[in-house]
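Peer 1: Listed in order, the protein sequences are those of chains A and B. Once you know that position 128 of the first sequence is 128 in my numbering, the rest is easy, because the numbers rise by one and skip nothing. Once you know that position 6 of the second sequence is 6 in my numbering, the rest is easy, because the numbers rise by one and skip nothing.
Calculated from the structure, these hints are not laboratory results. Being a predicted model, the structure only gives us computed values, none of them experimental. Glycine is no exception: its CB is placed at the ideal position from the N, C-alpha and C atoms. Any given hint could turn out to be false.
[Stated by the list, open to error] Derived DEER-like restraints, expressed as beta-carbon distance ranges:
1) A:Asn10 x B:Tyr48: 42 to 50 Å
2) B:Tyr51 x A:Ser78: 25 to 33 Å
3) B:Gly232 x A:Ser313: 49 to 57 Å
4) A:Ser225 x B:Trp43: 48 to 56 Å
[As the list claims (entries may be wrong)] Computed cross-link-like contacts, BS3-like style, restricted to lysine-lysine with a CA-CA straight-line distance of at most 27 Å:
5) A:Lys253 x A:Lys283
6) A:Lys306 x A:Lys263
7) B:Lys45 x A:Lys115
8) A:Lys263 x A:Lys283
9) A:Lys39 x A:Lys253
10) A:Lys116 x B:Lys45
11) A:Lys49 x A:Lys190
12) B:Lys45 x A:Lys140
13) A:Lys115 x A:Lys140
14) A:Lys178 x A:Lys190
15) B:Lys56 x A:Lys140
16) A:Lys302 x A:Lys263
17) A:Lys81 x B:Lys45
18) A:Lys110 x A:Lys81
19) A:Lys219 x A:Lys32
20) A:Lys110 x A:Lys67
21) A:Lys32 x A:Lys81
22) A:Lys81 x A:Lys219
23) A:Lys49 x B:Lys20
24) A:Lys110 x B:Lys45
25) B:Lys189 x B:Lys82
[Claimed, not checked] Interface residues of chain A toward chain B, partial, derived using beta-carbon atoms under 7 Å:
26) Leu54
27) Tyr86
28) Ala92
29) Glu109
Residues per chain are reported as follows:
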Amino acid sequence: MHEPLIQIQNLTKAFGDRVILDQASLDIHRHKITAIIGKSGVGKSVLVKHIIGLIQPDSGDIIFDGKAYSQITAREFSAIKDRCSYMFQHNALFDSLTVFENIALPLREKYRLPKKEIIGRVQTRIEQLELDEVAHLYPKNISGGMQKRVALARALITNPEIIFFDEPTTGLDPIRKKTVFSMIHRYHEKFNFTAVIITHDIPDIFYIAHTVNIIDHGKIIFSGSPVALDQSDNPELFVYTHGHEMLVDDLTKLLNRIALRQKITTWSTEKSTPMHMVSVEMKGLRKLVDFKGHLLGHVFIKNFAKFLQDKLSADVCAGLFSQEVLVLVARNQDKEWITTTQEQLTDFFTTPGIQQFCQANHLCVQIRGLVGSANTDPLLALKQRLTSRQCV
Amino acid sequence: MKKIFALPIFLGELSLGVLKSTGQWGVFSLSALANAVYLRTLWQKILYNIYFIGFKSLNIIVLVAFFTGMVLGLQGHYTLIKFSAEGMLGVAVALSLVRELGPVLTAIMLIGRAGSSISAEIGIMRISEQIDALETMNINPIRYLVTPKVIAGFICFPLLTAIFDCVGILGGYFASTLLSSRSGIFFSKVQSSLMVEDVTGGFIKSFVFAFIVMTISCYCGYYTHQNRDSAGAQGVSNSTTSAVVQSCVYVLIADYIITSFLM
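Build the full structure now, drawing on both the sequences and the hints.
Peer 2: Written out as structure tokens, the structure reads:
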């Protein structure tokens, strides 16, 4: 990969006693879309505002196109700012100027272009962003979505090399959010600018970003491609990649994929107590979700999880091993636990209502038991056992 | 032990705070003046600010000036008649207005009408990130927002002071016509006693007051976000109050200093 356009090196910033950035380092590559995600108040905007010079760091440095901020003159920094554009979280539109004047402002104040050219360029952006009908209105008289588009038009009007988007979809409805992201993606393809997007919109941002950076406790805890992030087994990152599934986990009280795997690994290392597992493979569940909707699949899992609640304890847990496999894990001396659990699960799936539901939706359920062994990897053993075919 | 040092610590922090804000105001004001070299690119904004600070304040200045002149006429007549010197009423009214009341009352009226709104406007721009937006666009916010207002202040304050003086003298004359049949002597005494130095002194004051009022009003709004005690709308409210109070106080202090030099 080429040398990064912007390198943030060990940036530290504290407001009073509160340390916001603690030796944060990050690379932003030319012509790429870089996403910065993280929980609210962790310093995403503070990090980016350092690049544009709105905030000065306590320590650390930023290298922009080979030039360190600590060593450049005011004139050189001004030249860097001319290459950048910033779209604020709350738009920061000038409330005493009309939409047209807001978009034209950077051209009027910075470039002193002929009036005709300014009007032409602004009009082009207005048409591209479908703002024709509101061009003469003041920002307070237009909707939040339109204000976002005005802010985007203002950010794009000078054809900048780098655009910083500070939570561009905050306060927008899901449809508008997608529109804004697709708009950024479309304009990025068209103008080939370098984009830095601060956002909470997961997983939408993964579809347009080339690099994702996660900031937490003042540090960058992950930096890589969205695919690498999605495939990561790091439990710290799970909340960012599967945050949308956590509500479901909370509702069903089942462990998520990462937590279940961690539990199996932990219990298998405690050799004093044997570990038993029962897997329930629900073949066809994915198709059910695909063809009949996510909610129907969720209702099925929720009812199954409700049935499992009586069986869970400090030594028995259950979770989704994959989209179609649920695993019950126990850590006890009871040699009959696997058989008893298999029988109880069989009883559940053979109750008339559930059986009818499974038949109607082409669900094939396999229940398998496995005793944990100190000599084998329990996760690997589980995967191997899931290959055989036996339906109840 | 802590209580013993509480007062020195408080005084020390207060002194440092005052020094810091005075230095910051000094740099801010000098920066605003230095940006006046871009006059050619700022003339549209200056014109707008002349309209806002000057023209829109005209009616209130005329009204206040007229009644101030009338009150001076009434009070002067009441005092001078005791010495059988009511013929000197024109001199008393004109000198009071031109040397003192004209510049000071004009400044105080403009603090209330323009200074407060300038502070609130810039303060709101600060809290709504509009000033940050200017910085990200590489547009100098002081040049864009403050310099035109300061230049407009330099133009409007002396002009409005001149209008205040004229209307005030007319008000004094009107009062004298109501009170005495010898009102004709009013203007002849004004003409014979009013010197160029008196008028110049008044204008010097108005220039200084323009600088104080405009820079303090803009400064209080510009640094709204540095308010320790409040933020957001309350911060803007405090900045506006602070701008009005500080401007009034510094105008009166400056008035005393200038008067002592001009005497």
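Peer 1: Run every hint past the structure and note whether it holds.
Peer 2: Hints versus structure:
Against the hinted window of 42 to 50 Å, the Cβ-Cβ separation of A:Asn10 and B:Tyr48 comes to about 46 Å, which satisfies the hint. Evaluation of the 25 to 33 Å hint for B:Tyr51 and A:Ser78 yields a pass: the beta carbon distance comes to about 32 Å. Between B:Gly232 and A:Ser313 the beta carbon distance is about 50 Å. The supplied range of 49 to 57 Å therefore holds. At about 53 Å, the beta-carbon gap between A:Ser225 and B:Trp43 stays in the expected band of 48 to 56 Å.
Distance check on the hinted pair: A:Lys253 and A:Lys283 sit about 22 Å apart at the alpha-carbon level, within 27 Å; holds. Only pairs whose Cα atoms come within 27 Å are accepted, and A:Lys306 paired with A:Lys263 is accepted, the gap being roughly 21 Å. About 17 Å separates the Cα atoms of B:Lys45 and A:Lys115, which keeps this hinted pair within 27 Å; it holds. Taking the CA atoms of A:Lys263 and A:Lys283, the gap is about 24 Å. The hint holds against a cut of 27 Å.
For the hint pairing A:Lys39 with A:Lys253, the CA-to-CA distance comes to about 23 Å; that is within 27 Å, so the pair holds. Under the criterion of a C-alpha separation no larger than 27 Å, the hint pairing A:Lys116 with B:Lys45 is consistent with the structure, at around 20 Å. As the CA atoms of A:Lys49 and A:Lys190 are separated by approximately 26 Å, the hinted pair is consistent with the 27 Å bound. A distance of roughly 23 Å separates the Cα atoms of B:Lys45 and A:Lys140; the hinted pair therefore holds under the 27 Å criterion.
Proposed proximity of A:Lys115 and A:Lys140 is supported: the alpha carbons are some 26 Å apart, at most 27 Å. The straight-line distance between the Cα atoms of A:Lys178 and A:Lys190 is roughly 18 Å, inside the 27 Å bound, and the hint therefore holds. Only pairs whose Cα atoms come within 27 Å are accepted, and B:Lys56 paired with A:Lys140 is accepted, the gap being roughly 25 Å. Between the alpha carbons of A:Lys302 and A:Lys263 the distance comes to roughly 21 Å, so the proposed pair stays at or under 27 Å and holds.
For the suggested pair A:Lys81 and B:Lys45, the alpha carbons sit about 24 Å apart, so the restraint of at most 27 Å is met. With a C-alpha separation of about 12 Å, the suggested pairing of A:Lys110 with A:Lys81 holds against the 27 Å cut-off. Distance check on the hinted pair: A:Lys219 and A:Lys32 sit about 22 Å apart at the alpha-carbon level, within 27 Å; holds. For the hint linking A:Lys110 to A:Lys67, the alpha-carbon distance of about 23 Å falls within 27 Å, and the restraint holds.
At roughly 19 Å between alpha-carbon atoms, A:Lys32 and A:Lys81 fall within 27 Å of each other, so this suggested pair holds. Note on A:Lys81 and A:Lys219: the hinted pairing holds, with a Cα-Cα distance of about 25 Å set against a maximum of 27 Å. Of the pairs offered as hints, the one joining A:Lys49 and B:Lys20 holds, with about 25 Å between alpha carbons and a cut-off of 27 Å not exceeded. Restraint check: the Cα-Cα separation between A:Lys110 and B:Lys45 comes to about 15 Å, which is no more than 27 Å; the hinted pair holds.
Taking the CA atoms of B:Lys189 and B:Lys82, the gap is about 19 Å. The hint holds against a cut of 27 Å. With a cut of 7 Å, the hint placing A:Leu54 at the interface with chain B holds, because the nearest CB-to-CB distance is about 6 Å. The beta carbon of A:Tyr86 comes within 4 Å of a beta carbon in chain B, closer than 7 Å, and the hint placing it at the interface holds. Using the Cβ-Cβ criterion of 7 Å, the hint placing A:Ala92 at the interface with chain B is satisfied: the shortest such distance is roughly 4 Å.
At a threshold of 7 Å, the smallest CB-CB gap from A:Glu109 to chain B is about 5 Å, leaving the interface hint in force.
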